[in-house]
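Here is how the chains run, residue by residue.
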Amino acid sequence: MDYTEKVMDHFMNPRNVGKIENADAIAEVGNPSCGDVIKMYLRIQGETIEDIKFQTFGCGAAIAVSSQTTEMVKGKSLKEALDLTRDQVAEELGGLPPIKMHCSNLAADALHQAVKTYMKEHGLS
Amino acid sequence: MDYTEKVMDHFMNPRNVGKIENADAIAEVGNPSCGDVIKMYLRIQGETIEDIKFQTFGCGAAIAVSSQTTEMVKGKSLKEALDLTRDQVAEELGGLPPIKMHCSNLAADALHQAVKTYMKEHGLS
Amino acid sequence: MERIYLDYNATTPVRAEVRDAVMPFLNELFGNPSSRHLEGRQVKTKIEAARAQVAAAIGAEPERVVFNAGATEGNVSVLRGYQVNYKDKKGRNHIIVSGVEHPAVYDTAKKMAGEGYEVTFVPVDGEGNLDMAFLKSAVTERTGLISVMTVNNETGVIYPVKEIAKIAHEKGALFHTDAVQAVGKMPFDVKDIDADFVTISAHKFYAPKGVGAIYIKKGKRLDPLLTGGHQESNRRAGTENVAGMIAMGRALELAMGEMASDRERIGKIRDEFERRILAEVPHTRRNGGENNRLYTTSNISFRFVEGEAVQLKLDHFGIAVSTGSACSSGTLDPSHVIMAICNGDEEEAHSSIRFSFGKYSKMEEVGYVVDRVKEVVAQLRSFSPLYDKFLSSQGK
Amino acid sequence: MERIYLDYNATTPVRAEVRDAVMPFLNELFGNPSSRHLEGRQVKTKIEAARAQVAAAIGAEPERVVFNAGATEGNVSVLRGYQVNYKDKKGRNHIIVSGVEHPAVYDTAKKMAGEGYEVTFVPVDGEGNLDMAFLKSAVTERTGLISVMTVNNETGVIYPVKEIAKIAHEKGALFHTDAVQAVGKMPFDVKDIDADFVTISAHKFYAPKGVGAIYIKKGKRLDPLLTGGHQESNRRAGTENVAGMIAMGRALELAMGEMASDRERIGKIRDEFERRILAEVPHTRRNGGENNRLYTTSNISFRFVEGEAVQLKLDHFGIAVSTGSACSSGTLDPSHVIMAICNGDEEEAHSSIRFSFGKYSKMEEVGYVVDRVKEVVAQLRSFSPLYDKFLSSQGK
Ligand SMILES: Cc1ncc(COP(=O)(O)O)c(C=O)c1O
Ligand SMILES: Cc1ncc(COP(=O)(O)O)c(C=O)c1O
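Chains as they are written, first to last, in this note's numbering: chain A, 1 to 125; chain B, 126 to 250; chain C, 251 to 646; chain D, 647 to 1042.
Next up, chain A with everything else stripped away, as it sits in the complex (with noise of 0.2 Å):
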């Protein structure tokens, strides 16, 4: 089971670490017990994400997928982030391991429900 350099590159020095204090919108997926959680810290500006930090219990794959994620979508509008799929986040990494694409690939989600909390919140569609 070998992770790609990128994948042990943002698993070594994840992007976006944290919390945000005051965040526009958050969202937690997983539970202890699959050994992943995954929470995301958004502050969005108009319909752009401004910032985005997260905190994660989880494997390897689980931070860097988190790591990655965040780094492709800051910056980006909400659109963007709910079209951004967990493939095209295990796919910037360079693949993960077969037996980690469904369980540990989890940040893509806490993203969408993040953003889709913050739209209904805010009337936006």
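Hints are not guaranteed to be accurate.
Claimed, not checked - Capping the alpha-carbon separation at 25 Å, the derived lysine-lysine pairs in BS3-like fashion look like this:
#, chain 1, residue 1, chain 2, residue 2
1, D, K1042, B, K144
2, D, K866, D, K782
3, A, K53, C, K639
4, A, K6, D, K690
5, C, K612, C, K624
6, D, K914, D, K1005
7, D, K757, C, K361
8, D, K733, C, K360
9, C, K470, D, K756
10, B, K131, B, K144
11, C, K518, C, K624
12, C, K470, C, K337
13, B, K144, D, K1020
Quick caveat, the hints were computed from the structure, so don't treat them as lab data.
For this one, chain A is given, so just place chains B, C and D with the ligands on it according to the hints.
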């Protein structure tokens, strides 16, 4: 399945091989389908085995046992020949591999058969 | 920097003396031990000598030792083959295994449960100890086999196999112990335990992978798993892993001579390591009771962080450890062993790391390892949502 | 004097290049391939490379190759495990095997016959060729598996496996071939044959004993014999014989490059030997047709003398040969293979000797071997009661 040195010696240099022309007693035991045939030829003078020779089709053990048996009874009485057991032959050879104890250790049988037939024919008991 | 290997329970390097013993068998001593010519007989003599070495190490007669391809084969052979000892085969299709067995027993038993066997798993408590009352009450006249390992590979917990053998025998059941983590590391005597079957594996004591043995008590039998050859006295067909057998014999011979001093030396390192980790890293838990544990193993849960992440980061720092057992690395679930011992707290189970020490471990390495563990755990906690929640709940 | 080894079908020496390839795995590359740390990953990468080497040699995709402990395990795995491919398991419990299979197939099939399987053995003629009409008429809608070896280990006779695979598939049966004596010695392609399962063993092509592999065609499965570990993609549990796998891959890679020239060179030696023996030793018979035989093997019956006696005497003269197969040396019966080919003439069967040639055989040795055979056979005949009878019957 190791043979003792003595078995190997008798096998490589079998004593008393061949036939005795006009033997006083002959017996054959075993059959080719078992992989062993032993034939004993005896020259008998009174109650003494003056000469003994054998022909054997068989494995190393069968040949060594035949050779050893002839040595053990040459010059001995018919009674002594009848008292010789397979186990004594095997023992004298320093032992036989267990798998060979039964099948290849037929020489004493051939000897006994020859002596018994001779005794019957000559009214000895 | 030299790497620090702390995964001796997963496998061990082949030691130089063992390698030397093997070399002739990759060279001039190449005969098939079943062959009757010199090339074959020479090798046959040597594998019988290796059998005697293995036998001596476990207090057995050489002819009771059957070589095979490792303890997975050994364990499966016992579970699949024991019924041949019972005339009324259908009457003894109940087997009892502990809830912390290696998958070769645990998963095989589960599979057998789906094939008409009745299987009872004996639970363990939070220290990894077997529920002996449960075990005793589970044995019936229909119990054919009880299988409990001598030492657990993930926690190092030692089980009362002698007592369990007695319980089995009182009801006419057979007793098997997977002694993979015990043999070569601690005194082990098949006669003292009165085991019917014992499985061992060479690669746990500085011999190559892919060779092992079963001890089969005199008068007991196993219906062979591998058929079609008279090897191993008709008990395990197939051309022998000659080099492996030679290695195994030599390695055990060496292990016997060094056992007491290894135990002393390695135990001190493990103890010092564990003491420091538990003292210096907050929110940790030892999986397995402090005593009654093999001196090689330290299994620790680091709350709020996931085991694989810790393992990977330590690997990056040159330290090889494992999450649960190497054998369960094909799945994502925490091992059933750690789950059992964590009483179903999956978060703690996911947070466990096994440090296992061996012949080449050094006391001087402890400091570096402890420092890296502290650093890695702290870093991972810094962005763990679970740790964050915990801190909030503490009002921090 | 240097010994002359003519028992390459029993086993082969490990060649130097293979030994070299293995050494790092008895040294620094000791990790458990299931481990996630560097020590483990390094080894994992190498065993996957070995898998690719094995796959390339038989025309398979690497992921279709499952390593194991040798062809006995392989053969048993296939016979015991094939039914998982049939939904209605009970409906396909008829298996067909040739009457000249290796004991790992033959004896296992016999055992299965006692366990409720229906087993058909296909007879051979006096040249060792299969009765194809018999085989064809034996296949029914209930046939689950046909197992016929590619090359017979005792006679070298080659079987029409491609044709048999077709016969099997036409009735929805699966086809297995024990290709132990073929792979590495003659062109062999799983796709061309369209085999569902193929078993091979490393020690027949200059790699160590105790390692082998099964090819499992895409879409086909085997219920694993060894359970309780995710190794080999859940198809064969147990810590891998890493050194063995590396050796096997390297040995096959080398074999592929040398196959054509070996075939030419070794074939010439075998042919010359056989020509001289048949011409110069009276009352001999070749077991197996002249053509359609692997170039390595010459199986000869020397009438009126027993095989073991010949073998022992040759051994004494420094020549290693075998009586039937090394694998049957635990019994005293002539092998079922030679019995089958001798049409039940047990005397001839007891008189057979297998000479098998290989990489280190030399044309210069033929003269010495032929002379010793002549001498030994003549000497044993000089006191054979059967020869004496024969002479008498000829009026001599
Ligand atoms: C044709 C054939 N099949 C199977 C085997 C058994 O394989 P292994 O020696 O790897 O158990 C052998 C040789 O021993 C053989 O020649
Ligand atoms: C307790 C225990 N049993 C069985 C096994 C499996 O043995 P092997 O690796 O020889 O298949 C192992 C290790 O892998 C083990 O630790």
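Consistency of the hints with the structure:
Distance hint between D:K1042 and B:K144 is fulfilled; the C-alpha atoms sit about 15 Å from each other, no more than 25 Å. With a C-alpha separation of about 23 Å, the suggested pair D:K866 and D:K782 falls inside the 25 Å cut-off, and the hint holds. Restraint check for A:K53 and C:K639: satisfied, since their Cα atoms lie roughly 16 Å apart, inside the 25 Å limit. For a cut-off of 25 Å, the pair hint linking A:K6 to D:K690 stands: about 20 Å separates their Cα positions.
Simply put, C:K612 and C:K624 have alpha-carbon atoms about 19 Å apart, close enough for the 25 Å limit, and the pair holds. Of the pairs offered as hints, the one joining D:K914 and D:K1005 holds, with about 12 Å between alpha carbons and a cut-off of 25 Å not exceeded. With a CA separation close to 23 Å, the supplied pair D:K757 and C:K361 stays within the 25 Å bound. In summary, the hint linking D:K733 to C:K360 is supported, as the alpha carbons are separated by about 21 Å, within the 25 Å threshold.
The hinted pair formed by C:K470 and D:K756 meets the criterion: a straight-line CA distance of about 24 Å does not exceed 25 Å. A threshold of 25 Å between alpha carbons decides the hint, and for B:K131 with B:K144 the separation of about 24 Å falls inside it, so the pair holds. For the hint linking C:K518 to C:K624, the alpha-carbon distance of about 21 Å falls within 25 Å, and the restraint holds. Our distance criterion of 25 Å between C-alpha atoms is met by C:K470 and C:K337, whose separation comes to about 13 Å.
For the hint linking B:K144 to D:K1020, the alpha-carbon distance of about 22 Å falls within 25 Å, and the restraint holds.
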